[in-house]
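Asker: Per this note's numbering, residue 201 is the first one in the sequence shown, and the count goes up by one each step.
Simulated from the structure, these hints should not be mistaken for lab results.
Check each hint, because a few of them may be wrong.
[To be verified] Once the Cα atoms are required to be at most 20 Å apart in a straight line, the calculated EDC-like pairs of lysine to aspartate or glutamate come out as:
no., residue 1, residue 2
1, K222, D245
2, K222, D302
3, K247, E267
These numbers were taken from a predicted model, which means no experiment stands behind them.
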Amino acid sequence: MRDRIIVKKEQIPYGFYIALGKDKFNLRFSYNTQEDLFTVSLYRDGKLLCYVEPIIYGVPLFRDVYEAGLFPALDIVPLDESGQEQEVTWENFGETVFLTIDNGK
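Between the sequences and the hints, there should be enough to build the whole structure, so can you do that?
Answerer: See the structure below:
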C-alpha cells in the first residue's frame, strides 16, 4: 500500500501544510458541486505554484506544470488501490479513492 495524503472533504474549502520529500508545501482544496470536481492549489514558501489543479483519477497532480526544484519530487496520484473505482467523486474521495504518493514503496 502506498502512502496517502488524507483530505477531509467535509472541511473543504481548506488547506494544510505537508512535507513532501525534503520540502514543505501548502495544499489548498476546493470542490465544485456542479461538476463534482475536486481541485487543489499548491503553494511553497507562500508562493502560488499551481492554482486549482483538477484532481483526476489516475493522473499525477501538477504533471503539466511541473518544474524540478519547485514542485514536489514525488508523484501524487488519485487512486483506488482496491481497483473498484475509476473516477474521483464526492462519494468515493477519501473513502476508496485517495491521493497516493508514489515514493517507491
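Asker: Failing hints, ascending?
Answerer: Violated: none.
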